[in-house]
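Engineer: Given chain A's structure and the hints, the job is docking chain B onto it.
Going down the list, the protein sequences come from chains A and B. Using numbering that gives the first Met the number 0, read the first sequence as starting at 0 and increasing by one per residue. Using numbering that gives the first Met the number 0, read the second sequence as starting at 0 and increasing by one per residue.
Note that these hints are calculated values from the structure, not bench results. All values derive from a computational prediction rather than experimental measurement. Heads up, some of the hints might be wrong.
Identical chains blur together in the list; that is why a pair holds if it fits in one copy or across any two.
[Stated by the list, open to error] Below are the PhoX-like pairs computed for lysine-lysine, each with C-alpha atoms no more than 25 Å apart in a straight line:
| hint | residue 1 | residue 2 |
| --- | --- | --- |
| 1 | Lys95 | Lys71 |
| 2 | Lys82 | Lys252 |
| 3 | Lys38 | Lys12 |
| 4 | Lys227 | Lys38 |
| 5 | Lys261 | Lys12 |
| 6 | Lys227 | Lys82 |
| 7 | Lys12 | Lys227 |
Protein chains: 2
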Amino acid sequence: MRSYCDCFQCFVKHALESARLVTSDEGTHERVLRAVLRKSAELDMRQSPPAMVQFIHGVIRRALKDADPYRKVKERHNALALKLLPELERRVRRAKSPFSAAVRFAIAGNCIDMGTRRALDERYILDTIARAAHAPLFGDIRALVRSVERSRRILYLADNAGEIVFDRLVLGRLPREKLTVAVRGSPVLNDATMADARSAGLVGRFPLLANGSDAPGTILEDCSRVFKSRFNEADLVISKGQGNYETLSDSDKHVFFLFMVKCALIGRQLGRNQYELVILERGRLV
Amino acid sequence: MRSYCDCFQCFVKHALESARLVTSDEGTHERVLRAVLRKSAELDMRQSPPAMVQFIHGVIRRALKDADPYRKVKERHNALALKLLPELERRVRRAKSPFSAAVRFAIAGNCIDMGTRRALDERYILDTIARAAHAPLFGDIRALVRSVERSRRILYLADNAGEIVFDRLVLGRLPREKLTVAVRGSPVLNDATMADARSAGLVGRFPLLANGSDAPGTILEDCSRVFKSRFNEADLVISKGQGNYETLSDSDKHVFFLFMVKCALIGRQLGRNQYELVILERGRLV
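Just chain A, same shape as in the assembly:
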């Protein structure tokens, strides 16, 4: 999707909140803001919003001289999710439709998103996961099940740290021989990288690939050659999170987008409310 006029106030708000989260130095806050304002003024609106968020976090990392300011918070989210995993796995096994229950928890795990929610406390995460067992899931999960059965090469695009632990519930129910799980190439926001995949217990369990990019989404032009060819070869892409949706919603690929709606504008476009859980096939609720 392109950027909209509504996006700018979020860019500015997100830039300031992110800068404040990682440093208390007000000079840095102002420098980050001014860089983002300058860049926004000249933004090519055909670019998707995550392209600007990628820029914002590049500015912040350079200002702080810290390649991964979210390292600690990501470790905390992975640890919290790992604590919940055994109980969720039990509940999934006992569910009438285990795959459906797994998908539900994996989408609820998408609440762990520092891009749209600054005050992301443990209580909020626990409540969201607890509610997920009974929350409505908008979209056609049977279409996803059928596509998994029919496809030969499945590419699963992970999203955030913490969230990727919940993804294990789904990943463990996909045919391993068809599967590749992609994470970000290097740190941006609280998005999952290979290091996070390791601490979340994915390494050794699933075939993993870093996408070569530090965008909080999947901007194909910015990804590595290896990732792009894997993307092209896949006949099914399962994409987690709103950032991956924003960057791939116009793709011709057969993509299922699994995420929690966070942006009010995207909610309006889909006819859904904020914080609802959705499965979109090729960008459409079916």
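Structural biologist: Below, chain B without anything else, positioned relative to chain A:
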């Protein structure tokens, strides 16, 4: 007061909401936004927030080729307030302290502010005025009464259309021979100009002066020579609205600021909540 990093997201939000309020042309929305982003990126933070809002509305008026896009909404607010005035005047007369009751309604009238509230419907205005009769008024109204008695030249800085109708409750209780009422020099946002003062019934009743500026506040350097000398001669300034507070809070003058707190940051600085009614003497709650 200076501008803060927190102000930028409000500038961007306000620019888009204002542009959308006055035109549905999306090209104009984007042009206004980009101009505001560019200007914000280079903003001198020693300037008060209303300086940027002045810029925003200059851009909007030029883009629309309309010198007063808020004309109709201001007329509506004046008409609504005029309808309420006789009943409020009766209630003020019956009050234990009529001056205090008048001040309370005049400050509540400051809810009519298109700068901070886009969805400003009639119901909200009526409810706020109704609640004002019993709402707490933070600050020392007796200090204001004493200052009015002692002063020789009182300058009353009006704020918005609609609101100035409620100001008549207070203005009618100030000594006419000491009084000058100032309005904006030309249209900006829904701020009251001489035309609005006329339709609000102030012309002929009170000595009026336009300040020569189109800032949504009182930026002295931007005001006319006549206004500045009237400002300097006054030994008491009664200032309505948050915009006048933001632009005069650092003044050495003896100013009483009467307004409804709208900005969360100003609320924190004053130790007050949003939407509370305050009287500040020289910028301080006493």
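Engineer: Which numbered hints turn out to be false for this structure?
Structural biologist: 1, 2, 4, 6 and 7
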